[in-house]
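**Q** Here are the chains, one letter per residue:
There are 2 protein chains.
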Amino acid sequence: MYHEFFAQMRKQLAQLGTWLDAAAAHARANDIDPAELLQLRLAPDQFPFVRQVQISCDTLKLAASRLAGKEAPSHPDTETSLDELHARVRTVLAYLDQFTPHDFADAAHRVISQPRWEGKVMSGADYFREHALPNFYFHLTHSYALLRHRGVPLGKRDYLGPLSLHLP
Amino acid sequence: MYHEFFAQMRKQLAQLGTWLDAAAAHARANDIDPAELLQLRLAPDQFPFVRQVQISCDTLKLAASRLAGKEAPSHPDTETSLDELHARVRTVLAYLDQFTPHDFADAAHRVISQPRWEGKVMSGADYFREHALPNFYFHLTHSYALLRHRGVPLGKRDYLGPLSLHLP
Numbered sequence: 008m009y010h011e012f013f014a015q016m017r018k019q020l021a022q023l024g025t026w027l028d029a030a031a032a033h034a035r036a037n038d039i040d041p042a043e044l045l046q047l048r049l050a051p052d053q054f055p056f057v058r059q060v061q062i063s064c065d066t067l068k069l070a071a072s073r074l075a076g077k078e079a080p081s082h083p084d085t086e087t088s089l090d091e092l093h094a095r096v097r098t099v100l101a102y103l104d105q106f107t108p109h110d111f112a113d114a115a116h117r118v119i120s121q122p123r124w125e126g127k128v129m130s131g132a133d134y135f136r137e138h139a140l141p142n143f144y145f146h147l148t149h150s151y152a153l154l155r156h157r158g159v160p161l162g163k164r165d166y167l168g169p170l171s172l173h174l175p
Numbered sequence: 008m009y010h011e012f013f014a015q016m017r018k019q020l021a022q023l024g025t026w027l028d029a030a031a032a033h034a035r036a037n038d039i040d041p042a043e044l045l046q047l048r049l050a051p052d053q054f055p056f057v058r059q060v061q062i063s064c065d066t067l068k069l070a071a072s073r074l075a076g077k078e079a080p081s082h083p084d085t086e087t088s089l090d091e092l093h094a095r096v097r098t099v100l101a102y103l104d105q106f107t108p109h110d111f112a113d114a115a116h117r118v119i120s121q122p123r124w125e126g127k128v129m130s131g132a133d134y135f136r137e138h139a140l141p142n143f144y145f146h147l148t149h150s151y152a153l154l155r156h157r158g159v160p161l162g163k164r165d166y167l168g169p170l171s172l173h174l175p
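Just so you know, the sequences run in chain order A and B.
Mapping the first sequence onto the numbering used here, position 7 (from 1) lands on 14, and the numbers just tick up by one.
Mapping the second sequence onto the numbering used here, position 10 (from 1) lands on 17, and the numbers just tick up by one.
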């Protein structure tokens with residue numbers, strides 16, 4: 008089940024890659040400086056677009072590595088363009104492709120800790136459901152909402168990606 | 008596992024209830040007409056706040072009922088105030104409280120259809136992971152983002168709700 012949920016989130020992170028291309032095309036067509044898009048924010052004390060994308064990447068990368076008991080690769084937050092952000096997304100997609108269902112065999116019972124939890128811990132099952140998954144969707148959706156707010160033409164299909172629909 | 012994910016989403020829908028109270032307090036303190044908050048939107052062709060909340064409610068209600076093979080109660084979209092929206096949230100929370108893990112025993116293999124899928128179907132497992140859960144978080148996060156955009160003081164803890172942290 009973890010591997011399937013990661014495949015789902017991986018699919019939606021790949022969709023975010025396509026939003027970055029749509030944002031670049033929108034900027035070209037409307038004489039918008041792409042650097043302005045990276046600094047978009049919905050509230051003065053919320054993270055700007057560039058951080059929303061970086062955190063979407065990191066939330067997914069760290070959730071997979073923590074639940075599999077692996078060391079995650081470090082990705083410094085140095086992106087200054089939409090292309091560089093797309094490269095960051097591709098790096099995380101490739102990292103996620105290395106995981107197999109077997110990697111998550113012990114995920115539910117791992118002990119997860121984070122510095123900000125001040126010595127407390129969560130089980131892998133609780134961490135995934137209460138923290139990693141909702142946070143991933145929080146930052147993914149904020150990335151989407153920021154682009155929509157600035158006029159980038161995106162719709163629900165761009166968010167969800169292809170569905171496993173079939174004839175009955 | 009379905010019952011646990013629904014408990015998580017129920018918890019976050021209850022958090023949305025607290026955001027509505029924070030929005031009402033913010034409106035009172037800043038001489039904002041609460042009716043204006045209901046019509047907030049981030050893009051001209053996106054749904055306004057009132058619809059984001061209603062769809063958050065419906066996505067969760069319908070996902071639970073479809074995956075359990077039950078008939079969902081009908082909730083017409085007639086809310087015209089923050090209080091009425093909060094009442095709608097409470098109604099859905101109470102509805103979700105009736106479900107037991109046993110109700111979802113056959114969830115993964117149910118055949119799910121929707122009018123907009125034009126005769127195609129999804130398995131319950133695919134529907135939950137690819138459609139219901141991402142859509143719930145999409146509309147929940149848009150509800151949050153709209154309030155943050157209008158200055159309502161909310162933070163990540165208000166989004167996630169209480170976490171199952173414990174001492175190691």
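Honestly, the hints are just simulated from the structure, not real lab data.
Fair warning: there could be bad hints in the mix.
Since copy identity is lost for identical chains, a pair holds within one copy or between any two.
What the hints assert, rightly or not - Heads up, simulated DSBU-like pairs for lysine-lysine below, C-alpha to C-alpha not over 30 angstroms straight-line:
id	residue 1	residue 2
1	K127	K77
2	K163	K18
3	K163	K127
4	K77	K163
**Q** Among all the numbered hints in the text so far, which are the ones the structure does not match?
**A** none
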